[in-house]
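Novice: Residues per chain are reported as follows:
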Amino acid sequence: MTTSQQTARPAVKAEIQAVPLRHPGRWVGAGVLGFVVIFLLQGWVANPRMQWEVVGEYLFSPAVLSGVGTTLLLTLLAMVVGIAGGVVLAVLRMSPNPLLSSLSGFYIWIFRGVPLLVQLLFWYFLSAVVPTIGLGVPWGPTFVQFDTNMIITQLAAAVLGLGLHEAAYMGEIVRAGIASVDPGQTEAAHALGLTRFQTLRKIVLPQAMRVIIPPTGNQVVSMLKTTSLVFAIAVPELLTSIQGIYSRNFQQVPLLTVACFWYLVATTVMNAGQHYIERRFSR
Amino acid sequence: MTTLIRAEGVHKRYGTLDVLKGIDLELAEGEVLALIGPSGSGKSTFLRCVNHLERIDAGRLYFRDRLIGYEERDGKAYELPDKAIAAQRVDIGMVFQRFNLFPHMTALENIMMAPIMVKKEPKAEVRERAHALLARVGLADKAHSRPDQLSGGQQQRVAIARALAMRPGLMLFDEPTSALDPELVGEVLDVMRDLVRADGMTMIIVTHEMGFAREVCDTIVFMDGGVVVESGPPSSLLGDPRHERTRAFLSKVL
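The listed protein sequences correspond, in order, to chains A and B. Mapping of the first sequence onto the UniProt record's numbering: position 141 corresponds to residue 141, and the numbering continues sequentially without gaps. Mapping of the second sequence onto the UniProt record's numbering: position 126 corresponds to residue 126, and the numbering continues sequentially without gaps.
Derived from the structure by calculation, the hints contain no laboratory data. Be careful, since some hints might not be right.
What the hints assert, rightly or not - Part of the chain B face toward chain A, derived, beta carbon under 7 Å:
id, residue
1, A86
2, H104
3, M117
4, V118
5, M201
Here the structure is a predicted model, which is why all the values come from computation and not from measurement. Glycine included, C-beta positions come from ideal geometry on N, C-alpha and C.
Based on the sequences and whatever the hints tell you, model everything.
Specialist: Below, the structure written as structure tokens:
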């Protein structure tokens, strides 16, 4: 230490100013893009055919608000079915029994392979081939019987279609989460005398949550938007309501703007929520 | 003295690899036994068989005269259901090389979890015992720390307290100090030494700490290639080994 202080240092020269490299290209690019965006926005906002008064008229109309409510309800129910199904699929997939694990794989293969719109229509038209649903002994007597159309209403078809499709994706997410937990955790729990089920519930799943929660948040936001597909089976969610209105007054773009507004509001709120949850679980 | 563990010709295979090729071993209540040997000798595998974390493929392994993980009927051993195996493990505590504390719980919660979940003991009583155990391993002030806030030595001491909370009749230690920085090994060995001296705990310790084994163990078992090469009290096994393989191994580690 002392020696370095004793060695002579070069005399300090006058400070020179450091000038960062200029990037004129970036400035030009930003200017051009900014101009294009302003031009497009101005053209959209100022377009008299946009009929902003129509947008304002319908933005908070009861039909639209009830559509928003149905969209949120559908998102919630479909995710509940999807998450519950996903946990079951993941546990089956990891079962040592080859039949159980391949059945889970088979489910995932089908429900990820067929387009969601086709699945929704499939559930909706199910009553055509399965007119009644009963409870009883297979190939034996039936105790109670229902009209399929009574059980699988439009809403139920939508929840089933969206939820069962979602379960296939959630299954993979949950499986990845469970696989991310150190096997030593399971061993330590077993060594303490916990059963397999207790170990899964108290030790493995809570730790898998860190890995499961962030992509699940993505799935919720994605589900919110995907619910718009159920307009094909006439469930009165947001897009169906909007369509109902513009099929009468032919103001398609203003009404679709209303739909965009509500979808954006909902996804923005959810993204903020997800950001918060991710921060909590990454600790 | 009652026999706690009795192994008769225990075999374990992974695919075509024979990890254990007939282990015979006895452990009396109150005895402390060290398993030593080169890596791959099967000592950790044998330890894991003792609480059925590994299934044995042949032979018999008894804890308090009951087969571990199996039930013998008409000359065959049938594996026990999940719950029965879990019940057998209650009496056998295990400490792992990598601690395996539950990271989503505090030190106190780690210790309290199993007595409450498995033995259904009253929470207040368990909490009191958990605090006492933490004090015993010298971590009274760390009750509400999470594992990632503790050093390796502290985590391992919590792991020992967690196993003790179940009041086991036998403790298994799987290389408990191998993952620790050298300066933290002593604090863990101190806790283990105290268990032997104060409680007379029955223990099987897989270890490379020869000095510790010599000091606290009644018996040292040298394993190599899936068999017990020789065993005996520390003075004779470490001081005057009879087999060439034992001598070769000891010359490298002593």
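Novice: Would you mind marking each hint as holding or not holding in the structure?
Specialist: How the hints compare with the structure:
1. A86: 5 Å, holds
2. H104: This interface hint holds because 5 Å falls under the 7 Å limit.
3. M117: For M117/B, the interface hint holds, since the closest Cβ of chain A sits about 6 Å away, which is under 7 Å.
4. V118: Given a least distance of 4 Å, the restraint on V118/B holds.
5. M201: With a minimum Cβ separation of about 16 Å from chain A (threshold 7 Å), the hint on M201/B is violated.
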